[in-house]
Structures are given as structure tokens and as C-alpha cells.
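Colleague: Protein chains in written order, with the numbering used here: chain A, 94 to 721; chain B, 12 to 110; chain C, 2 to 168.
Be aware that a few hints might be false.
Stated by the list, open to error - Every beta carbon over 10 Å from chain C, so not counted as near; a handful from chain A, in silico:
1. I155
2. N253
3. F264
4. Y396
5. Q454
6. I468
7. G605
8. V705
9. I706
10. I708
11. V709
12. V713
13. G715
14. L716
As the list claims (entries may be wrong) - The calculated label-pair distances, taken between Cβ atoms and stated as ranges, are:
15. A:A699 <-> B:V78: 21 to 27 Å
16. A:D672 <-> B:F74: 54 to 60 Å
17. C:I8 <-> B:I75: 23 to 29 Å
18. C:I11 <-> A:L714: 20 to 26 Å
19. A:I706 <-> C:A66: 51 to 57 Å
20. A:V678 <-> B:I75: 43 to 49 Å
21. A:V678 <-> C:Q140: 35 to 41 Å
22. C:Q140 <-> A:L714: 51 to 57 Å
23. C:A110 <-> A:E667: 50 to 56 Å
These are calculated hints, taken from the structure and not from any lab test. Glycine included, C-beta positions come from ideal geometry on N, C-alpha and C.
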Amino acid sequence: MIQLAYLIPLFPLIGFLINGLGWKSMPKQAAGFLASLMMLVSFGLSLAIFFEVKAGAADTIIPLFDFIHSGKLLIPFAFKIDALSSLFLLIITGVGFLIHVYSTSYMHEDEGVVKYFAYLNLFVFSMLLLVMGSNYLIMFIGWEGVGLCSYLLIGFWFKNRDYTNAAKKAFVMNRIGDLGFLVGMMLVLYNFSTLNYNELFAQINTNQTVLSGSTYTWVAICFFIGAMGKSAQLPLYTWLPDAMAGPTPVSALIHAATMVTAGIYMIARSSVIYNQSEFALHFIAIVGLLTAILAATIAIKQYDIKKVLAYSTVSQLGFMFLAIGCGAYTTAVFHVMTHAFFKALLFLGSGSVIHAMGGEQDIRSMGGLGKKMRITQITFLIGCVAIAGIPPFAGFFSKDEILASAFAHSPILYVAALGAALMTAFYMFRLYFLTFSGKFRGTHEQEHHLHESPAAMTFPLIVLAILATVSGFVGLPEVFSEHHSLNEFLHTAVTNFGAHHMEHNTELMLMGLSVGLVSVMIGLAYARTKSPNFVANTGLAKVLENKWYVDEFYDAVVVNPLVQFSGFLDRIIERKGIDGGVNGVGKMVRWAADRMRLLQNGQVGAYLFTMVIGIVLIFVLGLFFVNF
Amino acid sequence: MPIQYYLFLSLALFCIGIMGALMRRNAIIIFMSIELMLNAVNLLLAAFSKMYNDSAAQIFVFFIMVVAAAEVAVGLAIIVMVYRKVHSVDVNILNRLKH
Amino acid sequence: MDILQIIFWILTVMAIGCALGVVLSRNPVNSVIFLILTFFAISGHYLLLNAQFLAIVNIIVYAGAIMVLFLFVIMLMNLNADTEPQKSWLVQLAGVVSGGTLFLVIIAAISKANLLGVINKETTNIGLIKVLGQVLFKQYVLPFEISSVLFLSAMIGAIVIGKKDME
């Protein structure tokens with residue numbers, strides 16, 4: 094069965110090809126149905142393979158063909174199925190399928206719906222390549238593929254200039270990270286002359302190639318720069334909030350559940366390299382923590398329902414990197430999984446709200462929606478509870494594990510991370526209360542229009558809500574259970590570095606502390622939103638509302654000088670230098686031709702003279718100067 | 012008899028032809044000068060034919076005559092045409108044709 | 002000097018003299034007559050070179066057909082010495098100088114090429130119709146056929162050009 098794993102990316106590819114080539118003639122209903130069906134088949138296959146791996150199937154390499162074979166370098170186009178990739182396959186195809194189903198309803202009025210599903214299938218295909226590849230190059234192909242699809246889908250409503258700008262921003266920001274990844278790959282290739290995971294990690298583990306620690310650090314940092322771009326970490330995170338320009342299901346699938354976690358996957362996959370460099374791990378921990386705090390502070394003062402969720406995503410990704418920085422790779426993967434469920438749930442819930450509000454995204458004109466949309470309200474609440482970290486919902490376990498590993502590393506990290514987690518609880522419940530409780534603040538027309546979404550949209554919400562509730566139990570902490578099923582499942586593929594062991598009492602105390610504080614935060618959020626009055630923000634709040642002015646800062650420091658410089662290149666080098674040279678050649682030829690033209694004066698006698706003189710010259714040349 | 016004799020004879024005829032073409036303005040005289048040049052070449056070919064005892068050269072003379080005859084037919088037709096237009100066979104006024 | 006050499010020199014002087022006459026005479030009709038005489042001299046040379054067939058063809062085609070055509074055209078246009086346009090003496094000098102330069106340069110080229118060869122006096126049969134016909138219709142049959150096409154197109158072209166305007 095595992096040998097059939099190549100079929101998993103094949104089906105989305107088929108879906109993409111059919112929808113992509115027939116985007117003019119496909120009926121809208123059929124496109125959504127086809128895309129969802131392809132995802133369902135892939136999900137079924139992933140499920141089968143997952144259980145096979147869980148039952149103890151060994152790591153498998155599925156070679157398809159030699160991709161690059163040049164001299165000593167051999168890069169096969171092959172897939173690697175092990176615990177890590179099978180888990181990611183399950184998340185991608187599972188959540189992907191639910192979001193496809195959701196999209197069939199959410200997008201059914203859009204004129205470009207066939208194109209939309211084609212892109213969505215292409216995205217899933219690329220994402221599957223990314224996680225299934227057996228070497229870094231295949232991962233990079235998928236990595237670029239998801240970047241492309243992200244660009245296409247953010248700019249899906251390309252008639253809006255802001256949206257296309259957001260798409261471009263995402264693309265360019267990702268390019269910066271991709272360059273880091275590429276440089277890292279070249280460093281690996283230079284030092285180990287292979288990009289295959291198995292051979293590379295075997296070389297490192299058996300010390301076949303002895304390298305200085307700094308080489309590992311460089312490789313690790315380069316890879317992390319790639320992850321920074323894709324997973325929206327400081328300083329490359331600003332594209333993700335802007336990426337909310339895309340359709341909401343896209344935000345749920347690409348910018349919350351799957352693509353942005355590619356960085357986590359990449360580092361977890363490369364854990365062998367990262368274990369060699371403590372410096373890189375510290376660096377990752379600090380970047381992750383700073384991102385988590387910064388994004389959380391921004392989220393507190395945002396008024397766009399999707400922007401809040403976007404910053405929350407950035408913040409949660411920061412948590413994952415914090416876990417990685419503490420060496421707890423499996424914890425990061427655990428949080429990827431639970432986050433995929435509850436964040437997809439929250440995004441789809443927000444999509445349902447936006448759908449009901451007729452496109453309105455400002456929470457200042459919402460409120461009291463719970464009465465009209467019961468299912469959305471309940472599932473959204475479950476998502477909020479899960480992300481805030483209330484037991485027994487999924488987010489509690491994964492976040493608690495991250496906090497515990499941070500505590501084991503250093504109490505300072507723990508305090509800062511706890512602060513970010515508390516802010517998470519606050520802004521999520523602020524969002525929840527502003528949206529679903531209280532009185533409706535929108536126009537009368539909007540109020541009349543309010544309705545619960547159709548079944549195709551509520552069904553994924555319910556499924557994800559169930560998953561967000563129960564998925565935490567695969568990683569019960571030591572205090573509650575002897576078995577940490579996720580770690581046991583993953584241990585063949587990736588193991589934690591410097592595993593920590595904590596006193597049970599300490600652990601219980603930390604849990605109690607965080608749950609208690611989170612509850613306080615929820616209460617605070619309720620109190621602050623009970624009678625909302627939206628006066629213009631001043632002081633720190635205004636800075637937060639304007640996202641710490643990071644975008645403005647980047648504009649001033651990076652974008653504007655670049656624009657100036659390219660303007661200089663355009664005006665001086667291009668117009669004057671290159672164009673001048675090229676046009677000058679043309680002008681010179683014209684000038685010369687203008688004079689040469691006069692030789693052709695229509696006088697037959699002159700022509701005859703010229704001819705004879707020419708013959709004489711040829712003879713003279715041949716006789717005295719050239720030997721022929 | 013050395014081959015040089017024939018070489019110089021045909022060269023002399025050829026150069027007289029060239030001078031004629033350069034000196035005269037009458038299109039028909041120029042035309043005749045060209046015929047003279049062609050005949051100079053024919054003579055040379057015949058001389059080489061005898062020297063190498065090969066009749067292929069005479070075949071070429073034959074072809075040159077063919078081409079010359081065709082050329083004269085077309086060329087004279089053109090001259091008649093020009094004369095009809097401008098009532099002159101002076102080559103110097105042929106540059107009017109470009110307007 | 003045997004008789005053949007004497008004939009050679011007579012013919013040579015006649016050819017060059019008549020050629021100069023073609024170029025220098027002011028009346029176009031005289032030019033045509035001189036040219037015909039030149040062709041006769043060249044035909045004599047052909048006979049000396051054992052190219053009997055060529056000699057006959059030269060007289061028939063050139064002196065007979067082509068020159069009659071020339072004469073006909075000259076008569077048609079009523080050209081004579083009075084209507085003859087004259088170039089300025091400067092241009093004429095330039096023509097003589099360039100022709101002379103070419104003459105000298107080619108003589109230099111010939112002397113540098115150091116051609117050594119003698120035309121033997123024995124009569125051969127390379128110029129007989131029978132021999133030429135064999136070569137023409139065996140080795141050169143394709144150019145022969147192509148030249149017939151050339152003739153056809155020249156004929157049609159001459160008719161089209163010479164016709165009065167069609168409107």
C-alpha cells in the first residue's frame with residue numbers, strides 16, 4: 094500500500110489539470126465536486142498509509158525517476174513516507190478536503206470558481222510534494238509551488254488593486270526566505286554532496302563527514318531564513334496579515350493550516366542538522382518568541398475579523414518555533430496539528446460570519462450574531478477555547494507542552510511565552526464577544542440578511558470543531574498518561590533534542606497557573622467588550638492598531654530606497670546608457686546611410702566607373718596584398 | 012605559338028570594350044562594347060580549348076553566345092522602350108527614370 | 002614566320018583596329034560596321050584555333066542575326082553622328098585611364114601567374130560539329146535544355162517590353 098503513495102499527489106494534480114485546462118467550459122458545480130472528490134480520494138489513501146505506518150511499516154522511499162543525474166550528483170525524484178510525512182499528509186488532505194467542501198458553497202457565486210478550484214488543487218499537489226519529497230530539492234519544488242499558489246489565490250480577486258499588491262508582497266517576501274533556503278541547500282550540497290535526507294542524516298549521525306560547528310550553524314540559519322519567509326516570522330511576517338485579501342477558505346487552508354507550517358515541517362525534517370547547532374536553536378527560540386509576542390500585541394487592537402486571526406496565526410507560528418528552539422520538535426509538530434484544526438475552524442467560522450454579513454469584515458459593525466447563527470457560534474467558541482488553552486480542548490495540550498519545554502529551558506522564556514499565551518486568550522475572546530454577543534451594531538439591511546450558512550459550510554465547521562476538541566488527547570502530558578502517543582508515533586522520524594524531564598508537581602503547578610490566568614483573561618475580555626465604545630485609539634493602543642508601524646518602517650528603510658535606486662537605474666542607466674547606446678547605433682547607421690545613399694545617383698556612367706574601379710582594386714589586392 | 016599572344020589579344024579587346032562602355036553615352040554603343048567584351052572572352056576560351064585539346068571550352072563559348080543573344084533581345088527591347096519614353100538613347104538622362 | 006603566323010598577325014591587327022573603330026567612330030552605323038568586321042576577324046582566329054563550328058556560328062549568330070538587330074534599331078531611331086550625345090573630354094579621359102589601368106593590372110596578373118603553354122599547330126578535330134555535338138548532348142545536355150528555357154523567357158520578355166503601352 095505504501096508503494097502506492099505516489100497516487101496521493103497524483104489525484105490533486107489530475108483535478109488541477111482538468112479544472113485548469115477546462116476553466117472555460119467546466120460547469121461551476123462540477124468543478125467543485127471534482128476538486129473535492131480528488132481530495133477525498135487522496136485523503137482516503139493518506140489515511141490508509143497513515144495506519145500502515147502506525148502499525149509499524151518501515152520508512153519507505155518510493156523512487157519515481159532520476160530527476161538530476163550529473164557526474165557524481167544524483168537527485169532522484171522520489172517520495173519518502175515515514176511517520177512525519179504521513180502525519181502531515183493526513184493533516185493536509187484531511188483539512189484540505191474539508192476546506193474544498195466548504196469552498197463549494199462559499200465560492201459558488203464567484204465567476205472564477207473553476208479557476209479557484211484548479212489553484213486549490215494545485216496548491217494541495219505542491220504541498221504534498223513538499224512533505225513527501227525524499228530530498229531537499231523535491232521539497233523546494235513543492236515549496237515554490239505553494240508559494241506560487243499562495244500568490245495566485247491571494248490575488249484571486251485580481252481586479253482589486255490592493256489585493257494584487259498583497260499578493261505581490263507575499264510573493265516577494267517569500268522570495269527573500271526562499272533565497273535563504275536555496276543557499277542552505279547549496280551549502281549542504283557543497284559539504285555533503287547529497288540532498289537526500291537518508292544519506293545526509295546518516296552522514297551526520299555517523300560522523301562520516303567531519304565539519305566544524307559553524308558550518309552546521311550556517312546551514313541551519315539559512316534553512317531557518319527560508320522558514321521565516323514561508324512561516325511568517327520576524328522580520329518577514331508582514332505578508333501574512335495582508336494575505337487575508339484572498340478568499341477566506343484560502344486563508345484557512347494556506348495561511349493557517351498548511352502552507353505556513355511548511356517551515357516547521359522543514360526544520361523538524363532537518364532536526365538532525367539543527368541538533369548540531371545550539372546557537373541556531375537559540376536563535377530560532379528568540380525569533381519565535383519575539384514573533385509570538387509582537388503578533389499577539391498587534392492582534393489585540395485589530396478590528397478586521399480576519400486580521401485578528403492572521404496575527405493570531407503569526408503568533409501561534411511563533412510558539413511553534415519557540416518549541417523548535419527548545420529542541421522540542423515533536424511538540425512543534427503537535428501544535429501544527431492542533432493549530433491546523435482550530436485555526437482552520439476559526440477561519441472557516443469567520444468565513445461563515447463574513448458570508449452572513451454580506452462581505453463585511455469589521456467587527457465594530459457585528460455583534461449578537463450568535464442568535465442568528467447558532468452552529469457557527471458554537472463551533473467558533475470551541476475554536477476560541479481551543480486556542481486559548483482551556484482543558485480538555487486541543488490547544489491546551491499542545492500549548493502546555495510548548496510552555497513546559499520553554500520552562501525547562503529557561504524560566505524567562507516561560508514567562509514571556511505565557512504572556513503571549515495570555516494575550517492570545519484575551520484577543521480571541523475579545524473577537525468572540527464582539528462578534529457573537531451583545532447587540533447588533535451593523536445596518537438594518539445587514540441585520541435582515543443575517544442567516545446561518547448552508548450545510549456544505551457548517552459540515553466542515555462541525556468536523557473541525559470535533560477535531561479541535563479531541564485531537565489534544567494524542568499528546569497527553571506525562572502527568573496524565575504513561576503514553577504520549579504522538580511522540581511514540583513520531584520517534585522513528587524525529588526525536589526531541591535534550592529531552593527534558595520535569596517534576597510532576599511543577600508541571601501541574603504550571604498548568605494550573607496558565608489555566609487560571611487564561612480564565613482571568615477571558616473574564617477581562619468579557620468585561621472590556623460588554624459595552625463596547627469605539628473611540629479613536631491614542632498612545633500605545635494607536636501604535637498597536639497600526640501594527641507597530643512595521644509596514645511603514647519597512648517602506649522607509651527597504652522599499653523606498655529600492656524604489657529610488659531602481660528609478661535611478663531606469664532613468665539614468667537604462668534610458669541614457671543602454672537605450673542611448675542602442676539607439677545611437679541605429680542613429681549612426683541612419684546617418685551613414687543618409688550619406689551613402691547619395692552614391693546611388695542614377696547615373697549609369699558612374700555605376701560603370703565604380704564597377705571598373707572595383708575590379709581594378711580586387712586585382713590589385715589579390716596581386717600585392719593577399720595570397721590566394 | 013605561345014598562349015600569351017591570345018591572352019594579350021583578348022585582353023586588349025576586352026579593355027577596348029571597357030573603355031567604350033566608359034567613354035560613350037549612347038546606350039547602343041555601350042551595348043556593342045559589351046558584345047565586344049563577351050567576344051574577347053570567347054576567343055580566350057577557344058584558345059585554351061586548343062591548348063588543352065578539350066572541346067568542353069567551345070561548349071562554353073556556345074552557351075555564352077546563347078546568353079548574349081538573349082541579352083541582346085531583351086536589352087534592345089528596353090532601349091527601344093526608353094527611346095519611346097524620352098526620345099533619346101543617352102544613358103545620362105536615364106536617372107530621370109527614378110522619379 | 003610561316004603562313005599561319007602571318008595570318009594571325011593580320012587578323013590580330015584587324016580585330017584590334019576595328020574594335021577601336023567601334024569605340025571611337027561618332028556615327029553609330031559606322032560602329033556597327035566596325036563591330037561586324039571585328040567579329041569576322043575573331044571568326045578567323047577561331048579557324049586558326051581549329052574551332053570551325055564556332056567560326057561559322059559566330060558569323061551567323063553575331064554578324065548575321067545580332068548585328069542586324071542592332072542596325073535595325075539604329076535605323077528605327079534614326080541615329081547619326083549629329084544626334085550622337087558626347088561626354089565631356091574629362092570623362093572620356095577618365096574612361097581611357099581606368100580601362101588602361103585595368104589593362105596594366107591584368108597584364109601584371111598574367112605575368113605573375115606565369116602561364117606557360119603553347120598552342121600546337123597540329124590540326125585536331127575538337128571543333129568539328131560531330132565532336133561538339135557528342136560533348137554537348139552527353140555532358141552538357143541539362144545546361145543546353147535550360148538555355149532553351151532562357152531563350153523562351155527572353156523572347157517573351159522582349160515582346161512584353163517592346164509592346165506599346167497596354168492601356
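Colleague: Compare the structure with each hint and give your call.
Modeller: Right, here's what the structure says about each hint:
1. I155: holds, 67 Å
2. N253: holds, 66 Å
3. F264: holds, 66 Å
4. Y396: holds, 85 Å
5. Q454: The claim stands: Q454 (chain A) keeps its Cβ more than 10 Å from every Cβ of chain C (closest is about 79 Å).
6. I468: Consistent with the label, I468 (chain A) stays out of reach of chain C, its closest Cβ about 91 Å off (over 10 Å).
7. G605: holds, 109 Å
8. V705: V705 (chain A) is in fact no farther than 10 Å from some Cβ atom of chain C, at 5 Å.
9. I706: About 6 Å separates I706 (chain A) from the closest Cβ of chain C, which leaves it inside 10 Å; violated.
10. I708: violated, 6 Å
11. V709: violated, 5 Å
12. V713: violated, 6 Å
13. G715: For G715 (chain A), whose nearest Cβ neighbour in chain C is about 7 Å away, the distance does not exceed 10 Å, so it is violated.
14. L716: Non-interface label fails for L716 (chain A): nearest chain C Cβ at 6 Å, not farther than 10 Å.
15. A:A699 <-> B:V78: 21 to 27 Å: holds, 26 Å
16. A:D672 <-> B:F74: 54 to 60 Å: holds, 56 Å
17. C:I8 <-> B:I75: 23 to 29 Å: holds, 25 Å
18. C:I11 <-> A:L714: 20 to 26 Å: violated, 39 Å
19. A:I706 <-> C:A66: 51 to 57 Å: violated, 34 Å
20. A:V678 <-> B:I75: 43 to 49 Å: With Cβ atoms ~45 Å apart, the hint holds.
21. A:V678 <-> C:Q140: 35 to 41 Å: violated, 52 Å
22. C:Q140 <-> A:L714: 51 to 57 Å: violated, 35 Å
23. C:A110 <-> A:E667: 50 to 56 Å: The hinted range 50 to 56 Å holds for A110 (chain C) and E667 (chain A), with Cβ atoms some 55 Å apart.
In this structure, the hints that do not hold are numbers 8, 9, 10, 11, 12, 13, 14, 18, 19, 21, 22, in rising order.
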